[in-house]
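> Work out the full structure: start from the sequences and follow the hints.
Chains as they are written, first to last, in full-length UniProt numbering: chain E, 1 to 374; chain C, 1 to 374.
Incorrect hints may have been included.
The list cannot tell twin chains apart, which means a pair is met if one copy fits it or any two copies do.
Claimed, not checked - Once the Cα atoms are required to be at most 20 Å apart in a straight line, the calculated EDC-like pairs of lysine to aspartate or glutamate come out as:
#  : residue 1 : residue 2
1  : K254      : E3
2  : K297      : E70
3  : K297      : E71
4  : K274      : E132
5  : K254      : E146
6  : K274      : D218
7  : K254      : E325
8  : K254      : D148
9  : K297      : D343
10 : K297      : D218
FYI, nobody ran anything at the bench for these hints, they're computed from the structure.
Number of protein chains: 2
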Amino acid sequence: MVERGWSALVVADPANLYYLTGYNAWSFYVPQCAVVPARGQPHLFLRAMDAHGARHTAVLPEDRIHAYPEELVHRPDVHPYDHIAALARELNLFVDNPDEVVAMELDAHHLPVRGFLAVQRALLHARIVDSEELVNWVRVVKSPAEQDEMRAAGQVAERAMTAALAGLRSGRRECDVVADIQAAQTVSVGGVGGDYPALVPLLPTGDSADTPHLTWTDRVLRRGEATTIELAGVRNRYHAPLARTVCLGPPSAKLLDCAAATAEGMEAALGSMKPGAAGADVHAAFTRVIAAHGLTKESRIGYSIGVGFPPDWGERTVSLRAGEETVLEPGMAFHVILGMWMDGWAYELSESVLVTEHLPEPLTSMPRQLIVNE
Amino acid sequence: MVERGWSALVVADPANLYYLTGYNAWSFYVPQCAVVPARGQPHLFLRAMDAHGARHTAVLPEDRIHAYPEELVHRPDVHPYDHIAALARELNLFVDNPDEVVAMELDAHHLPVRGFLAVQRALLHARIVDSEELVNWVRVVKSPAEQDEMRAAGQVAERAMTAALAGLRSGRRECDVVADIQAAQTVSVGGVGGDYPALVPLLPTGDSADTPHLTWTDRVLRRGEATTIELAGVRNRYHAPLARTVCLGPPSAKLLDCAAATAEGMEAALGSMKPGAAGADVHAAFTRVIAAHGLTKESRIGYSIGVGFPPDWGERTVSLRAGEETVLEPGMAFHVILGMWMDGWAYELSESVLVTEHLPEPLTSMPRQLIVNE
Numbered sequence: 001m002v003e004r005g006w007s008a009l010v011v012a013d014p015a016n017l018y019y020l021t022g023y024n025a026w027s028f029y030v031p032q033c034a035v036v037p038a039r040g041q042p043h044l045f046l047r048a049m050d051a052h053g054a055r056h057t058a059v060l061p062e063d064r065i066h067a068y069p070e071e072l073v074h075r076p077d078v079h080p081y082d083h084i085a086a087l088a089r090e091l092n093l094f095v096d097n098p099d100e101v102v103a104m105e106l107d108a109h110h111l112p113v114r115g116f117l118a119v120q121r122a123l124l125h126a127r128i129v130d131s132e133e134l135v136n137w138v139r140v141v142k143s144p145a146e147q148d149e150m151r152a153a154g155q156v157a158e159r160a161m162t163a164a165l166a167g168l169r170s171g172r173r174e175c176d177v178v179a180d181i182q183a184a185q186t187v188s189v190g191g192v193g194g195d196y197p198a199l200v201p202l203l204p205t206g207d208s209a210d211t212p213h214l215t216w217t218d219r220v221l222r223r224g225e226a227t228t229i230e231l232a233g234v235r236n237r238y239h240a241p242l243a244r245t246v247c248l249g250p251p252s253a254k255l256l257d258c259a260a261a262t263a264e265g266m267e268a269a270l271g272s273m274k275p276g277a278a279g280a281d282v283h284a285a286f287t288r289v290i291a292a293h294g295l296t297k298e299s300r301i302g303y304s305i306g307v308g309f310p311p312d313w314g315e316r317t318v319s320l321r322a323g324e325e326t327v328l329e330p331g332m333a334f335h336v337i338l339g340m341w342m343d344g345w346a347y348e349l350s351e352s353v354l355v356t357e358h359l360p361e362p363l364t365s366m367p368r369q370l371i372v373n374e
Numbered sequence: 001m002v003e004r005g006w007s008a009l010v011v012a013d014p015a016n017l018y019y020l021t022g023y024n025a026w027s028f029y030v031p032q033c034a035v036v037p038a039r040g041q042p043h044l045f046l047r048a049m050d051a052h053g054a055r056h057t058a059v060l061p062e063d064r065i066h067a068y069p070e071e072l073v074h075r076p077d078v079h080p081y082d083h084i085a086a087l088a089r090e091l092n093l094f095v096d097n098p099d100e101v102v103a104m105e106l107d108a109h110h111l112p113v114r115g116f117l118a119v120q121r122a123l124l125h126a127r128i129v130d131s132e133e134l135v136n137w138v139r140v141v142k143s144p145a146e147q148d149e150m151r152a153a154g155q156v157a158e159r160a161m162t163a164a165l166a167g168l169r170s171g172r173r174e175c176d177v178v179a180d181i182q183a184a185q186t187v188s189v190g191g192v193g194g195d196y197p198a199l200v201p202l203l204p205t206g207d208s209a210d211t212p213h214l215t216w217t218d219r220v221l222r223r224g225e226a227t228t229i230e231l232a233g234v235r236n237r238y239h240a241p242l243a244r245t246v247c248l249g250p251p252s253a254k255l256l257d258c259a260a261a262t263a264e265g266m267e268a269a270l271g272s273m274k275p276g277a278a279g280a281d282v283h284a285a286f287t288r289v290i291a292a293h294g295l296t297k298e299s300r301i302g303y304s305i306g307v308g309f310p311p312d313w314g315e316r317t318v319s320l321r322a323g324e325e326t327v328l329e330p331g332m333a334f335h336v337i338l339g340m341w342m343d344g345w346a347y348e349l350s351e352s353v354l355v356t357e358h359l360p361e362p363l364t365s366m367p368r369q370l371i372v373n374e
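Right, here's the structure in full:
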C-alpha cells in the first residue's frame, strides 16, 4: 500500500477478510468490509448481529470492530456503506483531500455497486482507485502453516471423491449421489471434519455434460452416460478441488481416447510446474500433448487456489493459460483442471498441487483415469 | 420498465436471471447478466463455457444467448462487461443517446463494480439508474406453481430439521451433525430430492451462540450448551428456511422463559399476517408480546422469500420490521425468524409461511418449542 501511495484499502472479498483478520462467518450477503490503513491494524465494519461473530473469530481488538445498525439492512433509502464511509471518515481512516488515495476491491464478489457509490459520495476530493486484487496477490504464496491446511483439505477431497466414484451407478439419482458426497465433505475422520466448499459439487451428466457448472437434479443416472464430477475438500476455508469422470457401462472409443490424451497432458503440465516456469509454460506443455492427439481446449487449464468463500474457490490471480507471465514459486498452489468440453459430452480430470522446489506436490492421490462403473 | 421510462435493464442477480429466463447453473462467480429490453425477450450474456448451460436450462432461443470469450475471465487489463456492453450496443439493446435510460441492479450480489464501470464507459450519453430491485419486487407474489415449489421445499426442510434435531447430542461433533443435515437436504424421498441452499446450515453453539451466522467446526457438543440451527429445504431453487433451538441437558430458566415468550410472539406474528396488514403490523404484534415478557429484539423478524442463490435466500424486498409499509397479499411468502440473541446465548425459532386469504399457511409443521436432548 505504501509503495502504491494508498492511504486506505477497502477490503470486501470474504477470503481477504479472513486472510487479514480471521473473520469467518456466512454474513457476506449483507455489506461488510475491512478498511485497512497504510499503517496499523485493519478496522472491520459489520452488521450489528455479526459484530459478535467478529469478536469470536477475528484477531482484532474490540475497538477495531464496528457494528452498523440493523435498520440499515435491505433498505431502499439508505445503505450500510453510507454509514461505514461516514464512520471511516470520523476514524480518520478516510481523509477527504486531494492527496489521499483510497483503494477498493472493485472486482470482489461481495462489494455492491451501491456501496462503491456511497464511498464515492463520501470522498469528494480523495481519489478512489481499483485495488487490482492486491490482497489476493499477497495470498498467492502459501506459508508452511497454510500448506498444511491445504494438505488436510486434500484428505477431505479424497474422501469426497471416493464417495462420488462409489456412488455414481446406473439406476441411482444424481441427488442421492450428491448426498453421499456432501456427507463425506463434512463428516469427521479421526476428529477432523470438513468445512463447506465455495461451490457445491458440480456433476453435469448425460446430455448436459458439455457444460461445467450445472448442479444436480433428481434424474436417474443411466447406463451409457458419462458424468464429470468437480468437488472440493475444505479445511479452515482452504480448498483442494478435484475432478474426475465416471462412465456408466463401456465407454466409447472417443471418450477413452480423450481420457488417455488428457492424462498424458496432465503429466506434461505437472512435469512443467517447477519454480521459474511461467503460467504460460504450463499451458504450453499441456497444449503440445493434446494437439498431438488432435484435441484443442479454449479455456485456461488451472488457477491459483487457497482460501475460498462462495461463490468461488479460485484466487482470481494467476491463471494457467497462454500469455500468463507470472512465474511459479514454491508455496504457490494450483487447481490444474483439464476440462475437455465437447459437443454433447465431456471429460474432466484435475489435480490440486503445491509448487515445491522440485516437482509439484499433489494434495490428493487418486488414480488419474476414466472410472468405469455399472 | 415502460412506466419508469427505461429502455434496458441489466439483470445480474442469479435469482432474477432464473426467474426471467430459467438459467440455472453455478456460474455467477464470473460476470454474467441478462439485458432486458423494454419490449421483447431478454438477452443472456455468459462466459463461453456456460453458454452451453444456458442452452440446457434457459427458455431462450439460441440467438438470445451470447458467449463471451474465455480469455476475458480474471484478467487485469480487460473485463467481460466491456465485451458485454459493446455487444449490447451492437444489438441495439443499449442505445447511447441522452433520451435513453439504462437501469442496472446496483445492489445485486453478483454485479462487480468493475462491470458497472465498464457499462458507464460504454454509455457516455445515456443515463444509468439503479433498478431498485424491480425484478425482486415483481417476484414478491408467488403464482400457484411457485407456491407448490415452496411446499415441496418445506417437505425437504422438515426432513433436514428432523435430522438436525435427532443429531444434536452431547459428545457428537458439530461437523458430523451437519453431515446428517446436508444429506437430508439433498437425498430423494419418493423420487424427489433437494436442491442446494443459498446458505449452508448455520449452527452457532456454546459460547458463540450469541451471533447468528457462524458455520460449523469439528468441536464436540457438550451437555449444558444450547445450539440454534438455521437451515433451508430447497426445491428447484425455491427455499423454505427453518430455525429451531436445541439444548443439551436441562435448560436454564432464562432459556425456557425466552422460548415460551418467543413461541407466544410467533403465534401473535402469524396471527397478524392477513391480507391488508402491513409488514410493520406483524412486527408490532410480535413486539407487544415479547415486551410484556421484558424482552426486546433489535433486528427485523422476517423477510420475503422465494427463489434464492448463494449467498442469500432473502428476496431483498419486504422486511417485517417497524416502518415497513408494504401490505401483505395472498401469494407472498415470508421467513418469520425470531432470533433472540442475548449476551453469550440465544434462542431462535422460525417458520416459513405463505400468505393466504386468511391465516398464513406454514410450509413445515414442526413443534414450536425448545428441543431438549441428552
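> Hint by hint, note whether the structure agrees.
Quick rundown of the hints versus the structure:
1. K254 <-> E3: neither (53 Å within a copy, 55 Å between copies)
2. K297 <-> E70: between (49 Å within a copy, 10 Å between copies)
3. K297 <-> E71: between (50 Å within a copy, 12 Å between copies)
4. K274 <-> E132: Classified as neither: same-chain Cα gap 26 Å, cross-chain 50 Å, threshold 20 Å.
5. K254 <-> E146: Neither, since 40 Å and 42 Å both go past 20 Å.
6. K274 <-> D218: For K274 and D218, neither the intra-copy (43 Å) nor the inter-copy (36 Å) Cα distance is at most 20 Å.
7. K254 <-> E325: Classified as neither; 34 Å inside a copy, 62 Å across copies.
8. K254 <-> D148: Answer is neither: 39 Å inside a copy and 43 Å across each miss the 20 Å cutoff.
9. K297 <-> D343: within (12 Å within a copy, 56 Å between copies)
10. K297 <-> D218: The answer is neither: 30 Å in one copy and 40 Å across copies each exceed 20 Å.
Checked against the numbered hints given earlier, the structure breaks hints 1, 4, 5, 6, 7, 8 and 10 and satisfies all the rest.
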